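Same order as they appear, the protein sequences are chains W and D.
Per the numbering used here, residue 1 is the first one in the first sequence, and the count goes up by one each step.
Per the numbering used here, residue 1001 is the first one in the second sequence, and the count goes up by one each step.
There's no promise every hint is true.
As the list claims (entries may be wrong) - Each computed BS3-like pair below joins lysine-lysine, with the alpha-carbon atoms no more than 25 Å apart:
#, chain 1, residue 1, chain 2, residue 2
1, D, K1230, D, K1246
2, D, K1357, W, K89
3, W, K284, W, K89
4, D, K1022, W, K287
5, D, K1248, W, K284
6, D, K1173, D, K1246
7, D, K1277, D, K1022
8, W, K89, D, K1192
9, D, K1248, D, K1022
10, W, K287, W, K89
11, W, K284, D, K1277
12, D, K1230, D, K1248
13, D, K1192, D, K1277
14, W, K89, D, K1173
Since the hints were derived computationally from the structure, they do not count as laboratory data.
Predicted, not measured: the structure shown is a model, and the values here were computed from it.
Chain residues, written in single-letter form:
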Amino acid sequence: MQIIDYIFSAWFFPVLRVSAPLMFAALGGLWCERSGVIQIGLEGFMNVGAFAAACVALSTHNPWLGWLAGMAAGLVLASIYGVSVIRFKSNQIVAGMAINILAIGIPPSFSVWLFESTSSTPQLPVEATFSVAPLWILLVVVVLSAWFFSNGAWGLRMIFAGEHPEALESSGVSVTWKRWQGVWIAGILAGCAGATLSLYLSSSYSRSMSAGRGFIALAALILGRWRPIPTVFACLLFGVTEILQTRLQGVVIWGTEPVPVQWIQMLPYAITIFVLAGFVGRAKAPKALGTSSAN
Amino acid sequence: MTNGFRSSMLISLRMSLRNIAKTFLGIGTGLALGLLVAWFAGESPFHVLKILLTSAFGSSYSFGMTLFYAVPLIFTGIAVAIPYRAGLFNIGAEGQLTIGSICSVLFCVAFPDLGTPWAIPLAAIAAFAGGALWGGLVGWLKARRGSHEVITTIMLNFIGAALASYIALYWIKDPMTQDVESIRIAPQYFLKAWNFLEGAPIGWVVAFAVLACLVLDWVLHFGSFGYSLKAVGSNERASELAGIRKEKIWIQSMALGGGFAGLVGLVTVLGHAHRYKIGLSADFGFMGIAVALVARGRILNVLWSALLFAALQKGAGDLEIETDTLTRDLVYWIQGLIILGVAAESMWDGLFHFIRKVIHQIRRGRATS
């Protein structure tokens, strides 16, 4: 029995905790990329979402309002991205990078005005943070994503917007509208991911809190080959490597020296390159990914 | 024949005028929106603009610091622009410059007694080679394994940062500090700064960067390599029929670009820090994307585009001192908004179309009345 206890308390829950933001962001990115829009702005949405969630939770002492604020912030930034790439047909990679740069600047500009500090928000009181609720929300998101992916017209149309936009258009469904939905879902879910960071994994916002997690989420969704359930497992894998990083500090595996942390840090990225290079079966992107809308 | 030639020249002139107009509209809009944010924060936009300008160009030292930011941006701008001409997106300049920097430090530490005429050029070659390897790897993965370069470059940025930290910590660690810092390089590797810049750590490498731009621009315009790049970038199928192997061009352009990103180590390592440490690069690799975009992939334009972004970066530092409510983070707003403004091609096309329609209507109105 002890071994089961150990697995749950030392591995299962910590891994689930650190993978939760990755899963939110990756599933958001998945729907966006499935609809045909490249999404490298997840990092920026998360960062701004985390900040907004922390601010509102701090002033209202209500984590749920903070959560909503995180979603709203992600949605607003995603709308800017959407106007740029869908309405004005900007290059999606360039616009995504612009959003990420913009998102570095937004939180400190507001936090210097609100808290007179550019580095972090004050600590949140316990009643303003979550203890377990984000995991339940995550479960709902995962189940809905998986269900819509293989059942129902909505998911099928989203996928068609990214595979055969002309076919979808000729069946009378607006590709533009589908892509807007994809971008908004990415913004909302990445906002949730940010809120998870500041209200669940820690209890304040600190500068550039997403720390590359948006890019890891992107890697996870490619590793999961743009499918919900494999993507969830890819996020769990990256969660394991994140936990490994802390567990293997100073641990000797072979020889006399402890394993360098840097090798474990490289692991998720190296795995992604390997998978992408087709050494473990090839990943196939949606066919019309990155092309401007068909109309 | 001549008539056709002349009209085609006219069309291309009109196109490039149009592109220039679009670029300036994009920069202007981004800057205006950024200053609007400053205005919301309670500062006069003109005051902010004045702070930015004096901070970037106000004194020899300020201008020197602007150049200190501009030269890395020229290198990373080239690193993005060359593959861009071949239709590739190099998001990986950050990783390439990190590997280039650590390679130059490794070389300097490995040969501490090298004489003066060879020391600096060989260290520069080491930096170039490191970046070229890291960039070429991306090209190779795309050519041989079909992996998309945007994802591999993002991944290699993270791997490069971790690898450089590992090398600095385990191979050439400075025993005097707890941080991730390598030992100092020998003094004959130091790049001399220009005296008239009053202490700004930048010197002849400025001339080298400008020269590199001029030569590259000329080569890419008139050489066969430049032609192949453009052919692959504009029409893969047609270039293949013309006998150009796109795989080769992908690897070559990424390696060449990565090499130039590696040269950032000249400024940050040989010119300034004299060692490897975390935070040598002020996001030069990512800013290089913005620089290349505003330059529309033309190497010559990288020069002034890099100067613009460097001026913003330098100007940002004084915002905190000179105003009550703004911090240097305002510059991230301005930079992001400028990129969005320049990238929104079809917005400006729509605007031009609208203006032409209005002019047309006015003329017709005059003709009928």
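Hint check results:
Of the supplied pair hints, the one linking D/K1230 and D/K1246 holds, its CA atoms being roughly 11 Å apart against a limit of 25 Å. Only pairs whose Cα atoms come within 25 Å are accepted, and D/K1357 paired with W/K89 is accepted, the gap being roughly 22 Å. Using a Cα cut-off of 25 Å, the hinted pair W/K284 and W/K89 holds, with the two alpha carbons roughly 24 Å apart. For the hint linking D/K1022 to W/K287, the alpha-carbon distance of about 31 Å lies beyond 25 Å, and the restraint is violated.
Straight-line distance between C-alpha atoms of D/K1248 and W/K284 comes to about 23 Å, which keeps the hinted pair within the 25 Å bound. For the given pair, D/K1173 sits about 42 Å from D/K1246 by alpha-carbon distance, which is inconsistent with the 25 Å threshold. A distance of roughly 40 Å separates the Cα atoms of D/K1277 and D/K1022; the hinted pair therefore is violated under the 25 Å criterion. Proximity of W/K89 to D/K1192 is assessed by CA-CA distance (about 46 Å); at most 25 Å being required, the pair is judged violated.
As the CA atoms of D/K1248 and D/K1022 are separated by approximately 33 Å, the hinted pair breaks the 25 Å bound. Restraint check: the Cα-Cα separation between W/K287 and W/K89 comes to about 18 Å, which is no more than 25 Å; the hinted pair holds. Between W/K284 and D/K1277, the direct Cα distance comes to roughly 38 Å. Violation of the 25 Å bound is thereby established for this hinted pair. Straight-line distance between C-alpha atoms of D/K1230 and D/K1248 comes to about 13 Å, which keeps the hinted pair within the 25 Å bound.
Proximity of D/K1192 to D/K1277 is assessed by CA-CA distance (about 20 Å); at most 25 Å being required, the pair is judged to hold. For the suggested pair W/K89 and D/K1173, the alpha carbons sit about 48 Å apart, so the restraint of at most 25 Å is broken.
Figure legend: structure checked against the earlier numbered hints; hints not met, in rising order: 4, 6, 7, 8, 9, 11, 14.
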